[in-house]
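**Student:** Going down the list, the sequences are from chains A and B. Our numbering numbers the first residue of the first sequence as 1 and each following residue consecutively. Our numbering numbers the first residue of the second sequence as 1001 and each following residue consecutively.
Calculated directly from the structure, the hints in this document are not laboratory data. Note that the structure is predicted; figures quoted are calculated from it, not measured. Please note: incorrect hints may appear among the correct ones.
Stated by the list, open to error - Some residues of chain B that are not near chain A, with every Cβ distance over 10 Å (derived):
hint, residue
1, Gly1048
2, Trp1136
3, Val1183
As the list claims (entries may be wrong) - If the Cβ cut is set under 8 Å, some of the chain A residues that face chain B in the computed set are:
hint, residue
4, Ile34
5, Asn41
6, Phe62
7, Gly132
8, Ile139
9, Arg283
All residues carry an ideal CB built from backbone N, CA and C; glycine is no exception.
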Amino acid sequence: MIARPRGTSWFVVALPYAWLAVFFLAPFAILAKIGISEPANARPPYLPLFDEAGFHGTLANFALLVSDRIYVSAVLDSLRIAATCTVICLLVGYPMAYAIARAGRSWRAPLLLLVMLPFWTSFVVRTYAWMGLLRPTGIVNAALGWLGVEPMQLMANDFAVHLGIVYGYLPFMVLPLYAAIERLDRTLLEAAADLGASPLRAFVSVTLPLTAPGILAGCLLVFVPAVGEFVVPDLLGGPDTLMIGKLVWNEFFQSRDWPVASALAIVLVVIVVAPVVLFQHRRARVA
Amino acid sequence: MTRPRTATAVLGAGLVFLYAPIAVLIVYSFNASRLVSVWGGWSLHWYGELFRNARMLESAALSLTVAVTAATLALTLGALAGYAMARYARFPGRALFSGMLAAPLMLPEILTGISLLLLFVAMEQAMGWPAERGFWTIVIAHATFGAAFVAVVVQARVSGLDRALEEAAADLGAAPAVVFRTVTLPLIAPALAAGWLLAFTLSLDDLVIASFVSGPGATTLPMLVYSSIRLGVSPQINALCTLIVIAASIAALAAARLMRMKAS
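Could you build the full structure based on these sequences and the hints that come with them?
**Tutor:** Structure below.
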């Protein structure tokens, strides 16, 4: 194996590296800069960090986030909703991945594709599909009415937000779980059974620990995007459903307070950076 | 063996859960009635309306050109990055490189969107470009995001290549460039095609990032869908969403097929 790029092949590394440094890394430095800038009624709506008078950095935006209950509860609600949805995805996704991994060889790829396909179709469209089902005059309420049940408020609440997030991110959970379960050496389960373990015991003490890396990867893949989710709380949530993603959007587009939106986005970065690094570390070790 | 049976039942229920809402949406896009909740018989009426809707056609054209351009750019960047990750075990800053490649796969889109917009605004102030946000800023954003997905697919393919084939070509006197063109490239071509399709689909589907980095003159299809569905459910939007689902599914299925293709 050629361990290092040589000669002209340096551009293979340098070109994407430079691109990512400019369009992925640098933006976060600027985000941090705007997060400590003062808002201004100008275009763009913030004051420069440095000018002739010197440095104008301020922590006022972060102070506002801590002092205003709206922001604190949005952060806590985002964490709670993302964690709950991750657990639900795991509970639903594990049996799904297990069934696919234990299906006949020729069934596995098509079944996995069937689970993953929705991920590749527009998130907005899929969330919109639930609006059609959950509306006060939607299909679910029509079916309930047919059964003699009073129409229910199914949308614009926390229930719908959980449903939408689980729906959107379930494929992310199934994929790494499937990979972990499929790799599992089945003779270990036979050995456990031969030694007298019940199927449940064998599952808890063999399957579960051996598929733990898949569980961790799936949980991170659901939790990280879910905690910053915007589309679902915006379309399916109610006025009192506050999540960081939606608040960043509102501060940015409605209040046009870019510094506060940036500060809030930095809080989100801080929340997700540890899980992202953990995921990356695990992936590098497996590879 | 009761567990696999329970698991299979959950799998079945899970698939119904994943597909039922989309199926209902598709069926209702053929509803003749103007009222979304009343079934008025089968009709293609709303599809006809859709193709007479000038704003929709304009957005669709913008989204398609953005997606094709961004996917091509993402392919170039992602293929180089994936190749580098698979072939070069050591180069300065490799850990940062692999981190920057992996992060866009899971980072909340709102972060990518807001930070890229702030970059574009800062660049405009510093060097006057981009003076107007729209087509090119969306293309850059989508290419960056798509490159991460292309890199994963290409890296997997390059890692799985039989090096003996390239060595044989080199032993027979082929120059490195010739080896790459006649051996490596054909072997990784399916991964390149799959990566392009994935980047294309991601670009076509993205709402959040495009909303941040776009300007007043450029409304992509998801942005148009979003602004209409905030006003409620309508049969014409059902028809549009059906077409989007079909287009995205075809691209994703083609990509999946290409990724499974064995080097022959």
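**Student:** Now look at each hint and say whether the structure bears it out.
**Tutor:** Results for each hint:
{"no.": "1", "hint": "Gly1048", "in the structure": "20 Å, holds"}
{"no.": "2", "hint": "Trp1136", "in the structure": "12 Å, holds"}
{"no.": "3", "hint": "Val1183", "in the structure": "15 Å, holds"}
{"no.": "4", "hint": "Ile34", "in the structure": "6 Å, holds"}
{"no.": "5", "hint": "Asn41", "in the structure": "16 Å, violated"}
{"no.": "6", "hint": "Phe62", "in the structure": "16 Å, violated"}
{"no.": "7", "hint": "Gly132", "in the structure": "5 Å, holds"}
{"no.": "8", "hint": "Ile139", "in the structure": "6 Å, holds"}
{"no.": "9", "hint": "Arg283", "in the structure": "7 Å, holds"}
Hints 5 and 6, counting from the list given before, are not met by this structure.
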